[in-house]
Every structure is written in structure tokens, then in C-alpha cells.
Amino acid sequence: MIEDKIVRKILNIIQDEIPVSRRPFKLIGDNIGMAEREVIKIIKKMKTDGFIRRIGGNFDLRKIGYATTLVGIKAPENKINKIAGTVCKLKEVTHCYKRTDEFNLWFTLNSSSGLKLNKLIDKIRVMTKIRDVLDLRAVRIFKLKLNFRV
Amino acid sequence: MKTNKNLIKLLSGEFPLVSAPYRAMAEKAGMSEKDLIKKIKMLKKRKILKTIRAVPKHQNIGYGTNVMAVWKVSDNGFVKKAKEVIKIDNVSHCYERKRYPGWDFNFYTMIHAKNKPDCLRIVNRIKIITKPVDYKLLFSEKEYKKTGFVI
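So the protein lines, in turn, are chains A and B. If you count the first sequence from 1, position 64 lands on 67 in the numbering used here, and the numbers rise without skipping. If you count the second sequence from 1, position 69 lands on 779 in the numbering used here, and the numbers rise without skipping.
In short, the hints are calculated from the structure, not lab data. Bear in mind that the values here come from a model prediction, so they are computed numbers and not experimental data. Hints are not guaranteed to be accurate.
[Said to hold, decoys possible] With a cut-off of at most 30 angstroms between alpha-carbon atoms, the simulated BS3-like pairs for lysine-lysine come out as follows:
| hint | chain 1 | residue 1 | chain 2 | residue 2 |
| --- | --- | --- | --- | --- |
| 1 | A | K101 | B | K852 |
| 2 | B | K767 | B | K797 |
| 3 | B | K719 | A | K94 |
| 4 | B | K841 | A | K66 |
| 5 | A | K82 | A | K146 |
| 6 | A | K146 | B | K852 |
| 7 | B | K793 | A | K101 |
| 8 | A | K77 | B | K841 |
| 9 | A | K94 | B | K767 |
[Claimed, not checked] One side only, chain A facing chain B, incomplete, derived with CB under 7 angstroms:
| hint | residue |
| --- | --- |
| 10 | K12 |
| 11 | N15 |
| 12 | I43 |
| 13 | T51 |
| 14 | G53 |
| 15 | F54 |
| 16 | R56 |
| 17 | G59 |
| 18 | C99 |
| 19 | T103 |
| 20 | L118 |
| 21 | K122 |
| 22 | I133 |
| 23 | L137 |
| 24 | A141 |
[Said to hold, decoys possible] So the derived label-pair ranges between C-beta atoms look like this:
| hint | chain 1 | residue 1 | chain 2 | residue 2 | range |
| --- | --- | --- | --- | --- | --- |
| 25 | A | M130 | B | R809 | 21 to 27 angstroms |
| 26 | A | G68 | B | K824 | 37 to 43 angstroms |
| 27 | A | K94 | B | G787 | 22 to 28 angstroms |
| 28 | A | P22 | B | K824 | 44 to 50 angstroms |
| 29 | A | K132 | B | E724 | 32 to 38 angstroms |
| 30 | A | N15 | B | K793 | 23 to 29 angstroms |
| 31 | B | K719 | A | I144 | 37 to 43 angstroms |
| 32 | A | V129 | B | E851 | 22 to 28 angstroms |
| 33 | B | E724 | A | K92 | 19 to 25 angstroms |
| 34 | B | A739 | A | K85 | 24 to 30 angstroms |
| 35 | B | S742 | A | N84 | 45 to 51 angstroms |
| 36 | B | G812 | A | K132 | 26 to 32 angstroms |
Heads up, the beta-carbon is just placed ideally off N, CA and C, and yes, glycines get one too.
Using the sequences plus the hints, can you model the full thing?
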């Protein structure tokens with residue numbers, strides 16, 4: 004939990020956006036009445052303290068033809084960690100979770116085209132020896148915003 | 711196209727926490743700061759880049775419980791219902807997805823909250839809005855991987 008009010012304020016600001024300007028942290032500092040150097044220091048500390056996963060660009064790669072899907076599989080309970088390990092080695096797999104259902108392993112898959120995505124799913128079937136693979140393509144994205152007010 | 715990819719790769723790395731971060735990245739990429747900023751703004755205009763921001767580690771800032779709630783919602787008034795659901799802050803992801811044989815759900819919501827009871831309260835709100843035929847709650851038990859996709 005973050006005790007300091009100013010730190011929380013900065014986290015809320017940078018979760019929304021880091022300005023695209025020559026001195027973005029000065030801009031943030033000016034808005035909240037804090038020196039640029041202090042803002043940078045606080046953000047660095049938030050990273051080392053584990054409040055921030057990463058800082059960088061958030062893209063919509065579909066705009067350049069990339070395809071993505073959500074996959075759910077039924078992994079035998081005694082093999083799930085091994086299977087997850089195998090799947091997670093793929094750089095195309097970004098999020099992978101064990102969930103409470105008979106379809107117990109879920110991951111997101113990204114590729115540079117829909118065709119490549121199909122091939123990747125076939126590859127995963129072979130790698131995991133699991134045929135029952137839910138390939139749940141998005142029809143429409145209503146919201147995608149991982150933003151938590153602190 | 712190649713310029714786009716290089717730029718995307720550059721911005722997918724760790725953002726430099728320095729006074730002039732775009733200058734630092736521009737030097738790395740062998741271009742001027744002005745050019746880089748111009749290119750970034752173009753990427754934004756084309757909506758390839760959504761934003762440059764900090765991605766929180768939700769478990770460590772008090773949102774320790776997450777549940778993927780999948781719903782079977784009738785096509786009637788679907789979009790209207792979805793637009794109501796996305797107003798809820800704790801709902802980070804809201805998708806319509808393809809139905810699959812034996813997995814007939816079409817509406818997917820990712821919910822993050824401080825604890826399970828809070829999660830369930832949000833689930834209830836969504837239930838009231840969507841009036842689903844069926845739904846399932848898939849709580850996360852273990853996180854194996856969580857990274858951004860680097861092209």
C-alpha cells in the first residue's frame with residue numbers, strides 16, 4: 004500500500020499518461036508543485052518498491068495487422084505447472100494464469116497475423132498434447148484499461 | 711512500415727527515467743529528439759500508440775483479487791449493456807468474444823478488486839446490467855506470466 008498522498012497522486016497521473024514532450028517529468032512536477040528531480044526520484048522508487056510493472060508505450064498492434072486471442076485449456080492438475088512452463092516460453096504468450104474452472108489454464112496469444120496465430124495454436128496443441136483448446140478471438144473490444152486509482 | 715516497427719520496439723523497452731527521456735531514446739535510435747517526438751505523435755494520431763504510461767502491478771497496490779467473469783448475454787441490447795458495464799472502474803477488460811462449441815459465452819469481463827467480496831459485488835452489478843442466461847467466474851489462482859508483447 005502506498006502511504007504518501009503525493010506518491011499516490013503521481014502514480015495516478017502516470018498510469019494515465021506520461022507526456023510526449025521534452026521534459027515530461029518537469030511538466031508533471033509543475034502541475035503538482037514538485038521539482039522535476041523529485042518526481043523522477045519518486046517514480047524510480049515506485050518501480051523498485053514493486054508498484055509499477057513497467058513504463059513504456061501501450062500499443063494497439065491490431066492497427067498494424069497483428070492478431071491476438073485468449074486461449075483456455077484443460078490441463079491435468081498434476082501437469083499444469085509443467086504445461087504452463089512450456090507455454091510461457093513462447094514470446095507470443097504474454098499473460099498466463101491458472102484459474103478456477105475445469106478450463107484451468109488461460110493465456111493470451113499475440114502474433115503478427117491471424118494466419119500465424121492459427122499455426123501457433125496448432126503448435127501449442129502439439130507442445131502440450133492437449134486437443135481441447137479454446138481459441139476465443141475478440142469480436143469487439145469495449146474496454147481495455149488497466150488503470151487503478153490509488 | 712519498418713520505421714514503425716523499430717519505433718514500437720524502442721518504445722516497448724523501459725522508458726528512461728531521466729530529465730529528457732525522449733532525447734535519451736532518440737540518441738539510442740540515431741535520430742534527433744525533435745524527430746522522435748514528431749514520430750511518436752504521428753503514431754498516436756494513427757492510434758497505433760495508445761499512450762505512454764506506467765503499468766501498475768495491481769497486486770501490490772491493493773487490487774489483489776482478480777476474476778475473469780464470462781457471460782452468456784443475449785444479442786438483444788448487447789452493445790447498450792456493454793457500454794454500461796465499462797463504466798465500472800474495476801472492470802479493466804471488457805470484450806465480446808467468439809462463442810466456441812461447448813463454451814457458449816460471448817461477453818468477457820476482467821474484474822480487479824481489493825478482495826473476493828468486493829469482486830463479487832462487481833460481479834453482481836454486471837449481472838444486474840447484463841441479465842445473463844449463464845455465467846462463470848474464473849478466479850486467478852496463480853500468475854505464471856505477465857509481460858507486454860514485444861514485436
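Against the structure, the hints:
no.	hint	in the structure
1	A:K101 / B:K852	5 angstroms, holds
2	B:K767 / B:K797	22 angstroms, holds
3	B:K719 / A:K94	14 angstroms, holds
4	B:K841 / A:K66	33 angstroms, violated
5	A:K82 / A:K146	34 angstroms, violated
6	A:K146 / B:K852	24 angstroms, holds
7	B:K793 / A:K101	29 angstroms, holds
8	A:K77 / B:K841	28 angstroms, holds
9	A:K94 / B:K767	20 angstroms, holds
10	K12	13 angstroms, violated
11	N15	10 angstroms, violated
12	I43	5 angstroms, holds
13	T51	11 angstroms, violated
14	G53	5 angstroms, holds
15	F54	5 angstroms, holds
16	R56	5 angstroms, holds
17	G59	5 angstroms, holds
18	C99	4 angstroms, holds
19	T103	5 angstroms, holds
20	L118	16 angstroms, violated
21	K122	17 angstroms, violated
22	I133	14 angstroms, violated
23	L137	5 angstroms, holds
24	A141	5 angstroms, holds
25	A:M130 / B:R809: 21 to 27 angstroms	26 angstroms, holds
26	A:G68 / B:K824: 37 to 43 angstroms	39 angstroms, holds
27	A:K94 / B:G787: 22 to 28 angstroms	40 angstroms, violated
28	A:P22 / B:K824: 44 to 50 angstroms	30 angstroms, violated
29	A:K132 / B:E724: 32 to 38 angstroms	37 angstroms, holds
30	A:N15 / B:K793: 23 to 29 angstroms	24 angstroms, holds
31	B:K719 / A:I144: 37 to 43 angstroms	23 angstroms, violated
32	A:V129 / B:E851: 22 to 28 angstroms	26 angstroms, holds
33	B:E724 / A:K92: 19 to 25 angstroms	22 angstroms, holds
34	B:A739 / A:K85: 24 to 30 angstroms	40 angstroms, violated
35	B:S742 / A:N84: 45 to 51 angstroms	49 angstroms, holds
36	B:G812 / A:K132: 26 to 32 angstroms	19 angstroms, violated
Hints 4, 5, 10, 11, 13, 20, 21, 22, 27, 28, 31, 34 and 36 from the earlier list are contradicted by this structure; the remaining hints agree with it.
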